[in-house]
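Novice: Assembling the complex is the task here: the two chains are given apart, and the hints tell you how they should meet.
These protein sequence lines are chains A and B, in that order. When the first sequence is numbered by the working numbering, its final residue is 329 and no position is left out of the sequence of numbers. When the second sequence is numbered by the working numbering, its final residue is 615 and no position is left out of the sequence of numbers.
Only true hints are included.
16 Å max Cα-Cα, derived EDC-like pairs, lysine to aspartate or glutamate: (1) A:K105 - B:E419; (2) A:K105 - A:E187; (3) B:K566 - B:E487; (4) A:K105 - A:E189; (5) A:K3 - A:E175; (6) A:K127 - A:D231; (7) A:K105 - B:E421; (8) B:K438 - A:E275; (9) A:K2 - A:E175.
Think of the hints as simulated: they come from the structure by calculation, not from any bench. Remember, it's a predicted structure, so these values are computed and weren't measured experimentally.
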Amino acid sequence: MKKIFLYTVLLILLVLAMPLGLSDFGMNLATEIYIMAIFSMSLGLIMGYAGMVSLGHAGFFGIGAYTVAIIGQYVPNTYLLLLISVVISGLIALITGAVFIRTSKFYFLMITLAFGQLLYVLFWQLKPWTGGADGMSVSATLNLGFGEIVSPNGFYYVMGAAFIISYLLLRLFVESPAGKITKGIMENEARMSALGHNVRIYKLLAYTLSGSLAGLAGSLYSYFNVFVSPDLSGWTFSGQVMVMVIIGGVGTLLGPAVGAGVFIYLQNFMSTYTERWPMIMGALLIILVLIGKGGMIHWLRYVKDIIFLRKQIDEEATQNQVKKEEVVN
Amino acid sequence: MSIFYAQLLTGLAYGMLYFMIAAGLTIILGVMNVVNLAHGTLFMLGAYIAFTFISDELNFWIALLLSVLLTAVLGIILEKLLIKHVYGKELEQVLLTFGLSFIIADVVKWIWGTEMQTLSAPALLNASLSIGDMVFPLYRLFVVFIGCLLALLLWYLESKTRIGAIIRAGVDDRAMVGALGINVGLVFTGVFAFGAALAGLSGVLGGPLIGMYTGMDSEILVTSLIVVVIGGLGSWKGSFISAILIGVIETFGKVWFPSLSMLIVFLIMIVVLIIRPQGLFGREVA
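The shape of chain B in the complex, shown without the other chains (with noise of 0.2 Å):
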């Protein structure tokens, strides 16, 4: 009974995880109707500074801190040369984001190679919290913490600021909130650079989970598109769900059926969009 817990929790804190990566990419979908197809390589790219900042005997949160902060310049780095020119333009937003995926990957492992490397959790985290027989690493209950933070920390953004309140009209009427004297550019960029940041964010945090290899980057976005396409386009509350039960379901899957972990979660997304083509709380999209 102790392993099935402490599986769930590894399913929960993997679960939260992905949810922090789809949190990013839904709110640029959701505000900017832009598919983010570099968000993966922004994930690794946050993991592997941390990395380095790590190496040179930098504080993890301090190094997690820098990592954000970088992540974020590049998201308005990037949005302010490329992503503007192509709103709109769904096609265009894809072949652009998917070229700067490649591109950024290729960086990565010119910097830091194709050795798979590992980044530590804090010393602080690095211990385990034990209830009568069980054991929980806490590094993944932090994990699962910090999840459960971001999301009400984005309901509450979203539902009870003005920018939040911006940002809904923005996705509903464009034209009008310009017309209403808001600088929806200004709006975007920062939707962008929030959206990298919490990609690096996710990265940092996702590290000492699932460890740094060339082709994470790939295989985090596939995972997150699904979360985010089984929970319905632009639904926090649908990412949330879908994530957790992705995050359990593949590690239950990973200790049940080895080899077929990824299948079960293609199963489920198929399943998903045959009951439900828009996702399970997305809204009708033309």
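The following block holds chain A by itself, in its conformation from the complex (with noise of 0.2 Å):
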């Protein structure tokens, strides 16, 4: 709980202090880090705390991006439409998380991949509704009692707020009963299942947590892009998302955040430059897994190992001195 409480005020603060050093495109960039990073966090989740590798991810950011668009038509309230996004993103993810996780490691991936390219042929096709390959413009406008916000300040502070309030509510579910049964499932399923746990359950309830998180990180999107097309389900996207995990680190809650973070500086740099941008990608993820060993986090971790044990070895050498004056005098 002590963790929760630290890396909390740390988020709290570096969200609060970055306006300092940003320009409007600076905020607009960190704007979409923050939207990106509970997308990655929500697969960070089920990748590593689940063992369940999603190649359709992207499909449940698609649904919350379009509900927001097709049905913030009729329901201009925010909160009630974010509501609404988020329990028809963790529904679908209930319903078909319930079949998917009957499956195993490679049929999942398969099953996911070709979940996340139907809906991409969905929101295509049902052109009436969506635009079709054309896409649609959003109408409704953040409001969250306080007048509409459309500064990119306040969208800063508000997607801001919301990624705290994700990361928050992931590590309450990582830290608790269920979220340790889960991560023991990931470690050795066959002996979680003989201790009596259900493990369907606590998989289906990953994968629904994770589902729903991405529905709300589509329909955050969707106000501040103000504009959808079906792309947001494609497995090019879904592709990206991944990559941010790995770049940050499979097994952390934060880690895929600064993947989020890193990816989307990186994208922006680079398209200023080259065309070439699915073709760095996908180097980039290569070199990764061939020499990654766990993305950033991990490295960070690596580096204050080396500092920490530095540390420790000139302390036990100054001791040493100590000693041997001592002896001496």
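Specialist: Structure, rendered in structure tokens:
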């Protein structure tokens, strides 16, 4: 619990401190990073804490985004709309997950990939509602009860808050008994099953939580971007979020968020120089897989260990020195 | 009635094409336990390579041969350079081949642009066969014929030859096969190259059938993954039957419910998996 408190305070400070050194463009970028961080944390949860590698997670993002775009035409209330998005994506995660988790690793991968691609095709083909390949603009506006939020700063703080709340929620789940059992299932499913835990329920719980959070990220994106298109559910996008998770590190909660930040920044930086971003992303993914050794969070821990170890060695050295001097005296 | 048979043939041709694609996926999956997510992109690459050769006034059959050869060579390079580092690591395989698919797709976009292209069928097959009042395009019959031929060939290779015996043994007990003095690494390179060549082959044969466009790679990959999943991992028989099933259902679905044919295919997959999580002909997997 102490850890949750510490990390949350640090995150709040980060969100509050960032605008000090950012231009308008930087604020926009940071806002997008918060949204993508929620999305990649949601995938990081099932990948790193439940051992489920989904290749169709953008499907839920798309569901959330289109919910705000379509239902937002009739329901203006932001709270209600976000709730509807989360409930719809959560329900779809619950229903599809109940089928998907019955399958083993390879099948799970393929089915989630097919699921994401199916939604992509659906959004593409249900032209009367979704605008088809041309996409649709979002008419709903962000309003949390104190007037419409339109300024970049307003968006920044709303998305920053959403990011912190999402992190807290995930942290609470991970630290809860249910979260620990889920992690135990990832490490040894047979043992947890033998201990009397209903393995499927916990996996489904994690998957549903993850799906609804991805939906939330999608609906926030809809407000932020004011335009949605089928690409939000496509497999390229699913791949991108997976790259974010891998860059940051699987098996940690904040790793994927860090990965999202690095990815979005790199993408913006690179796209000013070259159109060949998919190629760079692919190469990045391959390099990370071959020599990445667990992603940035793990590198940071490694560096921390080295520094910490060095301190220890220094302390021992000085202690020895003191002892020697004592002996001499 | 004649329209019905023409559509049935179209469905069968698509089904055989799906089988040819899924065959490469299945053999790599079955022997090496690698999910090759770059398979759809290799399919696309095969089609575009043949397109370039044919645009250079080369004969369709020579273009086909060159395309298959080139994708096989690419397969060897990829296996030697990258894939061999990730054997036994599932997540890494997925990510690596996923990354590869992005790169290859972008290279295709770079070289050939994003415009829709058509790969024309060879002149010899650009005719139709009439039986009574029914007209069958020859090229579709040809694809069905090649699909059946490939199925037979694969069955023969697997059950009647030494290579097939080694591969079957390697699937069950890799260490034992290695201990018998067989170079497992070489077998794996060969299998990956063969899978890539199959992707190239189906790309060239599929080009005239489905056209060439950006995004075809992921569509093809998803369809063939669905075929493999419905059929059961590593089962030829399963892939063959489910490919035909999907091809025919998709074709009729496109006629009856134009916008929802993909949904129907997906629903079939869900129903199959609810009843049999390991696919129609799959072995129980842990």
